[in-house]
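Student: Sequence:
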Amino acid sequence: MSVARVARPDPIAVGLAIVIAGSLLVAIGADPVAGVTGSRSPFTDEAWNVMNARNLQLLGAWSTDQFNLHLVNGPWNLLAAALFRILGVGLAQARLLSVLAVGLTVLALGLGLRRSLGRWPALLAAAGFGACGLVLYYGRLAYPENLVMLGMTIAALTLARLPDHPLANGSSAAWRWGLLAGLVLGLTIATKANAVFGTVGAMLGLALLGTRGSIDVRRWLGGAVAGLAAILLCWIVLVYLPARDAVAVDLAIWPHQAAPRSIVDLTVRIGTYPFRSDGALPGLLPLGVGAAAGIVTLVVDWRRMPPERRRVAVAAAGWLLVQVGVVVVASYRPNRYLLPALPAAAILLGVAASAVADRMAQRAGPQRSIPDWGFAVAVVGLLVAPGLVAGIGWTLRAGHRLGPMQQAVASIVPAGATVWGGYAPLVAMTDPVRTVVPWPQARANLDRPDPVQSSRWVVTGDHEPVWAAAAVGGASAATRIERACLDWGGVNVCLVELGPGP
1 MSVARVARPD PIAVGLAIVI AGSLLVAIGA DPVAGVTGSR SPFTDEAWNV MNARNLQLLG
61 AWSTDQFNLH LVNGPWNLLA AALFRILGVG LAQARLLSVL AVGLTVLALG LGLRRSLGRW
121 PALLAAAGFG ACGLVLYYGR LAYPENLVML GMTIAALTLA RLPDHPLANG SSAAWRWGLL
181 AGLVLGLTIA TKANAVFGTV GAMLGLALLG TRGSIDVRRW LGGAVAGLAA ILLCWIVLVY
241 LPARDAVAVD LAIWPHQAAP RSIVDLTVRI GTYPFRSDGA LPGLLPLGVG AAAGIVTLVV
301 DWRRMPPERR RVAVAAAGWL LVQVGVVVVA SYRPNRYLLP ALPAAAILLG VAASAVADRM
361 AQRAGPQRSI PDWGFAVAVV GLLVAPGLVA GIGWTLRAGH RLGPMQQAVA SIVPAGATVW
421 GGYAPLVAMT DPVRTVVPWP QARANLDRPD PVQSSRWVVT GDHEPVWAAA AVGGASAATR
481 IERACLDWGG VNVCLVELGP GP
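The letter at position 361 of the sequence shown is residue 361 when you use the working numbering, and the numbering goes up by one with no holes.
Since the hints were derived computationally from the structure, they do not count as laboratory data.
Please note that a few of the clues may not be correct.
[Stated by the list, open to error] Ranges between beta-carbon positions, derived for each pair:
id : residue 1 : residue 2 : range
1  : Leu285    : Pro9      : 29 to 37 Å
2  : Tyr240    : Ile215    : 47 to 55 Å
3  : Gly88     : Val264    : 50 to 58 Å
4  : Ser63     : Pro274    : 37 to 45 Å
5  : Val200    : Arg303    : 35 to 43 Å
6  : Leu285    : Gly88     : 35 to 43 Å
7  : Val19     : Thr267    : 25 to 33 Å
8  : Arg304    : Pro9      : 29 to 37 Å
9  : Phe275    : Val14     : 35 to 43 Å
10 : Gly381    : Pro242    : 24 to 32 Å
11 : Ile263    : Leu59     : 18 to 26 Å
12 : Arg359    : Val264    : 28 to 36 Å
Where is the CB? At the ideal position from N, CA and C, for every residue including glycine.
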């Protein structure tokens with residue numbers, strides 16, 4: 001199969017991106033489905049991820065308390081704030097950013113891999129990514145990881161654009177593509193810091209390739225390091241130095257990870273991951289098998305692999321192995337931590353498919369042609385069916401309870417009030433009120449208001465403030481009236497009004 005070098009859009013790639021994004025849009029207003037992960041994240045993190053962008057639109061300021069995650073996922077919050085400005089504040093609007101990011105990632109894989117892999121292997125990689133179960137679940141939720149997947153994909157695809165003969169075409173092209181990749185990777189890490197693992201893995205793999213005489217790769221790496229350094233410097237000057245205390249609180253809010261206590265502990269973590277992956281491995285089985293085949297192909301076909309394909313494959317292999325390796329040895333490892341690695345797995349799937357297609361063409365000989373579509377149809381069903389079936393099931397099971405709850409809270413709590421609690425940013429998202437999330441582990445937002453009546457609205461269920469529990473501990477302290485309740489992911493979440501005691 002010849003490698004496509006035509007720049008015009010592929011209608012199938014465009015259609016595939018539209019179908020995947022459309023399937024996510026269908027359920028964009030639905031509640032998250034329980035049981036996909038053992039973490040509470042789908043029922044809390046969406047609101048926290050866009051809380052500061054919401055504050056900017058409704059209250060005129062990013063920060064209203066010590067919960068300032070916009071400092072460590074700035075690009076995500078900037079884009080969310082822009083969407084809120086155009087479409088208004090709401091969870092569906094925030095999720096639209098994720099849907100767009102996933103659709104663009106599918107499109108980038110389908111178009112950007114054509115040069116190095118060929119048309120149908122590129123489309124197969126795009127389909128494998130878009131139909132992956134984790135993508136279909138988290139892709140319609142407001143998670144910065146969806147933007148991370150797009151950024152890392154774009155950066156990796158710049159490797160396919162390097163000149164075939166760098167000495168003949170000058171040294172600047174590879175450096176410029178590397179600089180672009182570095183800037184994109186820097187913004188991606190600023191969106192979600194765990195992207196640094198895949199970035200380091202990809203660059204380590206390319207550094208090893210560069211030591212084998214690949215001049216264009218060395219130039220690309222030089223540009224990428226320059227781009228990363230520029231973004232890091234800007235973040236230090238514009239974010240960290242002016243707000244280092246707030247950044248420290250953000251870092252304390254992140255889940256705590258404990259290093260392995262011993263070699264035995266490390267071995268146990270690695271050995272038990274296939275059985276305790278938070279459901280990640282079953283959902284990733286088709287894509288994971290394809291990725292493993294891609295790594296084997298990289299080793300077996302190393303010498304005869306075209307340079308542009310080798311570059312992309314090496315970067316994807318390093319990206320995947322380090323990103324997944326960190327998750328495997330982590331003490332806390334919900335399945336969403338694998339999201340940044342999924343485009344790398346899709347690229348490696350495409351590498352394996354491209355090698356198979358080449359062998360089929362060689363066996364056919366010059367007198368026979370193998371239809372391009374035949375190869376794709378032979379495997380696409382097994383690749384995409386599990387994710388699509390799971391996605392349809394989640395859509396059918398999903399409820400639509402959050403919207404009515406948000407409307408009820410907006411009709412009860414007056415504008416300008418303060419609402420406390422872990423679920424406050426969720427249920428009061430559309431109401432122009434100040435929402436405060438107490439976080440004992442980070443020692444954030446723990447101060448009791450004085451008097452209590454000045455902040456008398458509390459949302460129960462998660463991170464309820466200590467002072468509120470004390471205030472309602474006895475009848476002499478305060479009265480407690482449940483004004484609206486919601487069964488949210490198996491937790492009874494209630495808006496509680498605290499009144500003065502007798």
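Student: Looking back at the hints listed earlier, which ones does the structure fail to meet?
Tutor: Hints 2, 5, 7, 10, 11 and 12 not satisfied by this model.
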